[in-house]
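A.B. asks: Residue numbers (our numbering), protein chains in the order written: chain A, 1 to 248; chain B, 1 to 154; chain C, 1 to 406.
Treat the hints with care, as some may be off.
Unchecked claim - Here are the simulated EDC-like cross-link-like pairs (lysine to aspartate or glutamate), alpha carbons at most 20 Å apart as the crow flies:
| id | chain 1 | residue 1 | chain 2 | residue 2 |
| --- | --- | --- | --- | --- |
| 1 | C | LYS126 | A | GLU132 |
| 2 | B | LYS125 | A | ASP74 |
| 3 | A | LYS99 | C | GLU261 |
| 4 | A | LYS169 | A | GLU193 |
Hints were generated in silico from the structure; no laboratory data involved.
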Amino acid sequence: MSDQSNFDQYRRRFLGGSAAAVAGMALVPGVLLHEVGHAKPADKAVSGDVRWGMLIDSNKCAEGCNDCVQACNDEHGLTGFDRPATDAQWIRKATLKDKQTGYTQTLPLLCQHCEKPPCVDVCPTGASFRREDGIVLVDKHICIGCRYCMMACPYKARSFIHETLQDQKPYTPRGKGTVESCTFCVHRVDNDETPACVEACTAENHNAMVFGDLNDPSSKISQQLKQYNSRQIRADLQLNTGVRYRGI
Amino acid sequence: MIKHSLILLVTGLLLGVVTPGHAGDSLLPEIPTAQARYSDTQGCVEPTAEMRRNHMKYILHQRDETMHRGVRSKQHSLVECINCHVSDAPDAPRVSSEQHFCNSCHSYAAVSIDCFQCHADRPEKTAGTHAMPAVGQSRGENVPVLAIEETIHE
Amino acid sequence: MKQLDFREIDGGKPFYMLVGFIGLFVLAALGAAFYMEHNGHYVTGMSNQIVWGTPHVFAVFLIVAASGALNVASISSVFGKTAYKPLARLSGLLAITLLVGGLAVLVLDLGRPDRLIVAMTYYNFKSIFAWNIMLYTGFMGIVAVYLWMMMERKMNTFTKPAGLAAFVWRLILTTGTGSIFGFLVAREAYDTAVLAPMFIIMSFSFGLAIFILVLMGMYKWSNRPLGDTILYRLKNLLGVFIASVLYFVTVYHLTNLYITENHGVERFILMDGGIYTKLFWIVQVGLGGLLPLALLYLPATGKSRGWIGISCLLVIIGGLAQIYVLLIGGQAYPLELFPGKEVSSSFFDGVVASYTPSLPEVVLGIGGVAIALVATIIGTRVLRFLPVSLADSMVDPHHKAEEAAA
Numbered sequence: 001m002s003d004q005s006n007f008d009q010y011r012r013r014f015l016g017g018s019a020a021a022v023a024g025m026a027l028v029p030g031v032l033l034h035e036v037g038h039a040k041p042a043d044k045a046v047s048g049d050v051r052w053g054m055l056i057d058s059n060k061c062a063e064g065c066n067d068c069v070q071a072c073n074d075e076h077g078l079t080g081f082d083r084p085a086t087d088a089q090w091i092r093k094a095t096l097k098d099k100q101t102g103y104t105q106t107l108p109l110l111c112q113h114c115e116k117p118p119c120v121d122v123c124p125t126g127a128s129f130r131r132e133d134g135i136v137l138v139d140k141h142i143c144i145g146c147r148y149c150m151m152a153c154p155y156k157a158r159s160f161i162h163e164t165l166q167d168q169k170p171y172t173p174r175g176k177g178t179v180e181s182c183t184f185c186v187h188r189v190d191n192d193e194t195p196a197c198v199e200a201c202t203a204e205n206h207n208a209m210v211f212g213d214l215n216d217p218s219s220k221i222s223q224q225l226k227q228y229n230s231r232q233i234r235a236d237l238q239l240n241t242g243v244r245y246r247g248i
Numbered sequence: 001m002i003k004h005s006l007i008l009l010v011t012g013l014l015l016g017v018v019t020p021g022h023a024g025d026s027l028l029p030e031i032p033t034a035q036a037r038y039s040d041t042q043g044c045v046e047p048t049a050e051m052r053r054n055h056m057k058y059i060l061h062q063r064d065e066t067m068h069r070g071v072r073s074k075q076h077s078l079v080e081c082i083n084c085h086v087s088d089a090p091d092a093p094r095v096s097s098e099q100h101f102c103n104s105c106h107s108y109a110a111v112s113i114d115c116f117q118c119h120a121d122r123p124e125k126t127a128g129t130h131a132m133p134a135v136g137q138s139r140g141e142n143v144p145v146l147a148i149e150e151t152i153h154e
Numbered sequence: 001m002k003q004l005d006f007r008e009i010d011g012g013k014p015f016y017m018l019v020g021f022i023g024l025f026v027l028a029a030l031g032a033a034f035y036m037e038h039n040g041h042y043v044t045g046m047s048n049q050i051v052w053g054t055p056h057v058f059a060v061f062l063i064v065a066a067s068g069a070l071n072v073a074s075i076s077s078v079f080g081k082t083a084y085k086p087l088a089r090l091s092g093l094l095a096i097t098l099l100v101g102g103l104a105v106l107v108l109d110l111g112r113p114d115r116l117i118v119a120m121t122y123y124n125f126k127s128i129f130a131w132n133i134m135l136y137t138g139f140m141g142i143v144a145v146y147l148w149m150m151m152e153r154k155m156n157t158f159t160k161p162a163g164l165a166a167f168v169w170r171l172i173l174t175t176g177t178g179s180i181f182g183f184l185v186a187r188e189a190y191d192t193a194v195l196a197p198m199f200i201i202m203s204f205s206f207g208l209a210i211f212i213l214v215l216m217g218m219y220k221w222s223n224r225p226l227g228d229t230i231l232y233r234l235k236n237l238l239g240v241f242i243a244s245v246l247y248f249v250t251v252y253h254l255t256n257l258y259i260t261e262n263h264g265v266e267r268f269i270l271m272d273g274g275i276y277t278k279l280f281w282i283v284q285v286g287l288g289g290l291l292p293l294a295l296l297y298l299p300a301t302g303k304s305r306g307w308i309g310i311s312c313l314l315v316i317i318g319g320l321a322q323i324y325v326l327l328i329g330g331q332a333y334p335l336e337l338f339p340g341k342e343v344s345s346s347f348f349d350g351v352v353a354s355y356t357p358s359l360p361e362v363v364l365g366i367g368g369v370a371i372a373l374v375a376t377i378i379g380t381r382v383l384r385f386l387p388v389s390l391a392d393s394m395v396d397p398h399h400k401a402e403e404a405a406a
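Chain A on its own, in the form it takes in the complex:
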């Protein structure tokens, strides 16, 4: 273990934390906080101190915009085979139309990364699991492809891989016969970045998606959640999802 690089990590964290505290105190409510990164050393395990979450503002979500979906497909190499019924989709845009009033809106649907995920409960081998920091993943090393988690997911977030794959992205291993779903771009999150969908939405200035640490009261997402009304989809199931929505 290199002591110097360890020390560097701890020093960066301390400075970052102090800067955040000072900035937080100085800011007026309603002004967006610039998220201060806390770099996780590569060899350190994730911890439950952090809980990753996402806030999606349906009001800012434009009909016909597919930036988040496109970014996800590019990031993870989700090339389809022109078979929509069996092609994998990790995030999709849904159009909602109120049956009574006719009001229409769109929003992206993805794995909600629940705190009490039904998919984790039902997996016979434990391949579907929830990481300490709240990201729900499929350990494809022990997935037997029974698809029970797909039956159990209340959001239809999971996809099964129906064909042999090649040239997978190195940081998104995926293979025939296993189940997969949105990983919150865990390889990016572990490297102190945001998921590809959020990055694309922000880069195009739609700003409909916010990602951050729900356990950190000074994070941008926590500030927004405190300030604006938000909801979980199928909140009555009491799964305490990590993804919340405004405008539904």
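We have chain A; now place chains B and C onto it with these hints.
C.D. replies: The following block gives chains B and C in isolation, referenced to the frame of chain A:
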């Protein structure tokens, strides 16, 4: 007498293994060389003899560490193995061919490998893709000896 | 009760022809499984919307029937009805072979069947699926022990406790099978406690129908006498079970009809669902419930072997339809994420998913039935499962006396 015929028998069998079409007409597999050395004294991330016998243990341990605990150290990362042992040229061998580093030995030993149903068997081309290294490393280019040593070791 | 002889069925050419013929279906199923595994599941009718298809319909049916097939043995060992005692060995054998057939289909359809060892060594104990894996394998062990107690003379004193253990185990097993669906909050057709007891009563019905058919078939095949006494008792029992299944189905749907939020899925199954509605009313309720009930109890048909056999077949077909409607119809109906909204997306949200059974799936499912059949036939050839005679005089000691008195 018996000892004589035994020696003859064994030699005959060994020679019989060298049939036309056998890879390189040698008894042992032809293992492609890697892109770089780990250090001046060591070829791979662990001593070669150790890797030959126990690479599976490192892989199995690291996969749980990465998957469940989010540990992405480069020392035993499968992505780094591939980056170093397989070229990123467009005509680089796939794992199905005997010229692929892993398969060159695994086909010889007749041990099937499961990894590449899911994992990429070749490094990703760097042009135009999101560079996703672990901390402090760029991806795809030949990893020089010095850079690996800067990696956080376990 | 008279001492009954048990004897293996005859071997020879007819036996090998029969086993060979059914074996072809097993081979076809293995071929279908390899085809699906090698190419990936895109060659089947299953998709990301209908994740469990025809193989699972057959697998669940066989597993449910397996637990029910043990019923006859339980009635003799646990409830003391000695008239059923000669049938107990065949009942145990059928329970094991049907379960093996169902499990084979389930395992062969997995995305990664090569990881069966993983399924047996990594357990998530919160998952009812994981419990089921242990319940199924344990069931085979317990029934094997039960058979041993029945078949070895000096162990006969332990038949009753073994039978009780097997009985309790299979109740837990079938509860577990029903709970696979009952525990799912996500889908409106599932998420109900009534599925567990409903599966138990379904197992009684399907298991007994298969048992009667196999009994009649084997006795015809091996030219052994099968008296009316035992057959009529079995068919009357089957009628009770059919009626009970209809009761549970009624309760399930009535309750859902009362709950406004479930009206969507009820309308889908009972009215709008196209193939699912047809299967429900015509096949499940009509052909599989009301018709066999009538056939079994009406004096004109109730005493005829032919009609009894047809009734059993109808119950089996109705059972398959029932599981098809539950399993596939339940998945076809879209998940209700946004009540009151019409939803559409590129991932088939808000629309009824379409599903057509594909040939590999059907071949695999039928192969499971074939595995069960061929294992039963080989079992009766190798060991003494079948009584030499089930004629009235052998089965019912009072029967001859009554006839004499009449």
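A.B. asks: For which of the previously enumerated hints does the structure constitute a violation, in increasing order of number?
C.D. replies: Per hint list: zero violations.
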